[in-house]
Amino acid sequence: MNLLEMKGVSKIYGNVHALQNIDLIVEQGEWLAIMGPSGSGKTTMMNIVGCMDKASRGSVILHGVNISQESAKNLTAIRRDKIGLIFQQFHLINYLTALENVMVAQYYHSIPDEAEALRSLERVGLKDRAKHLPSQLSGGEQQRVCIARALINYPMLILADEPTGNLDEANEKIVLDILKQLHKEGSTIIVVTHDPEVADEAQRTVVLEHGKIARIVRNNKEV
Amino acid sequence: MLVALLAVAIGATVLSGMVTVYYDIPRQMGQEFRSYGANLILVSSGDNPALSIEETERAKEYFPAGSVVGVAPYRYKTAKINEQPFMIAGTELSEAKKASPYWFVNGGWPESAGEALIGQEVADTIRLLPGGSFTLTGTSTDGGSFTRDFSVSGIIQTGGTEEAFIFMSLEDLDNLIGAGAFDVVECSISATEAELNNIAAQISENVPGVAPRLVKRVTQSEGAVLAKLQSLVYLVTAVVLLLTMICVATTMMAVVAERRREIGLKKALGAANKSIINEFLGEGVFLGGLGGLLGVALGFVFAQFVSVNVFHRSITLQPMLIPATLIMSFIITGLACLAPVRSATDVDPAIVLRGE
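Order-wise, the sequence lines are chains A and B.
Counted the way the numbering used here counts, the first sequence spans residues 1 to 223.
Counted the way the numbering used here counts, the second sequence spans residues 224 to 579.
Since the hints were derived computationally from the structure, they do not count as laboratory data.
Don't take every hint at face value.
[Stated by the list, open to error] Here are the computed lysine-lysine pairs in the DSBU-like style, where the Cα-Cα straight-line distance is at most 35 Å:
| hint | chain 1 | residue 1 | chain 2 | residue 2 |
| --- | --- | --- | --- | --- |
| 1 | A | K54 | A | K73 |
| 2 | A | K82 | B | K497 |
| 3 | A | K54 | B | K497 |
| 4 | A | K73 | B | K320 |
| 5 | A | K131 | B | K497 |
[Said to hold, decoys possible] Facing chain A, from chain B, some residues (calculated, C-beta under 7 Å):
| hint | residue |
| --- | --- |
| 6 | E485 |
| 7 | L488 |
| 8 | A491 |
| 9 | L492 |
| 10 | G493 |
| 11 | A494 |
| 12 | A495 |
| 13 | P572 |
| 14 | A573 |
[Claimed, not checked] Residues from chain B that keep clear of chain A, each with C-beta distances beyond 10 Å, as calculated:
| hint | residue |
| --- | --- |
| 15 | S317 |
| 16 | G337 |
| 17 | F369 |
| 18 | V407 |
| 19 | E428 |
| 20 | Q527 |
| 21 | I554 |
None of these values were measured; they are calculated from a predicted model.
Glycine residues also receive a C-beta, built at the ideal position from the N, C-alpha and C atoms.
Isolated chain A (complex conformation) (with noise of 0.2 Å):
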């Protein structure tokens, strides 16, 4: 079944064409990676799946909702009860603990219950970080509470720019472990990464240059 459905989307800012004629099928359950030099177009797709901006020609179909017709108002309510966001500067609020900032994404969901909030802290193995500040916390153990927070509210699709971008390579794996982990339990995921590795363990790669599908690579190989 499709989640994602993306038919000729093209998005122009002025005379520069950030993407061009995009179609692209995402479905559920799939791990898709996207790849691609600066300027090539990946945040801009990101941004558009993620109900953050509006195609400038034709359509995205997330769900069975055409997404590129919503208002505004709409789209915040997709992307509150759909996506799961994951960044690559984490974006924790810092004078709030790690629970808080995982109750945070509740509280405009639903209600915030903090034994669920913490069950998800515990999921990314920080149950026993659940009262630090953002501050006491490591890089990785800031991504591993951005992680908990993006999977609060039980989305569809998990939608993460760079999740590994500013880790080690020690907080990378475990980052990496924890999006296999979310995979295998069925969530479909799109990470937009520079790092072949990361991309590596995807089931499908779209390059984008210049606004364009450059080339798909499924299971390491091109298609």
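Use these hints to put chain B onto chain A, whose structure you have.
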């Protein structure tokens, strides 16, 4: 946020303080204006050229309780000292002292029978000093003549017609010329021009034979000064509230700018604009409430300070001022938060989370 809280507290302090002073000014200044003498005169309106004690007492019933500063009845009679004619005024000296506090007396007020105050003009004419004595001669109301010695307890200086008079107690005058009615009653009442007009109208209507008259030069200048003072207080308060609003708006704008990334993150996590608006307006309302409460307390202290130092009198707290200050603080902070809240809802999560 502390700056915004301080701004609201200062604004509310000035608001609460100035409004307290604003409403207290008429009372405070009313008392001050009483030092300029009588503001209501009672004279006879009937065939009888004088006012009886009964008429005077009935008219006094229409004076508001607690606002009467002094009511001095006067009887006038011409008498002679060394064959020179002078005007004698018999009055209740203690009331005259209260109704005409601007009189400067060189010496003292009469304390016993046979003592009199003389005007400076009289003193100059007959060359008398406090402690000196003079012999008063004249004709009483029944046609007989009188001769009596008086001692000068003090000399009055007013710069007005009073300096040509000899003042003594009503009892002394009655003893000289026989009991009689009052020629005029000078009243000093702590009230506005409108209130005085109302009192005068009631007396005219209900007490036949008594004609009340406002001393226009006192009542009108009093009203004009009060109106100008109140306008000034109103203007200062409005300017301070405007400055408070600008200060709170600026601070909240800075807060929004500082928290753009956090706002962007919250929106990325699914926060609707309504949630962001509620969050910032909630902070504004909290600021308004806390600042308003501080302002009520500090405002009373401020008003008390102003009142004691400027008017030399203390003030009482107006209970209605507490909710009024709080509501005004909420309105000011609410208005000040509008632009920052708008700016917060305009944050684009895709841009701020990218670090642009």
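Which hints, by number, does the structure contradict?
Of the numbered hints given earlier, the structure breaks just one, which is hint 4.
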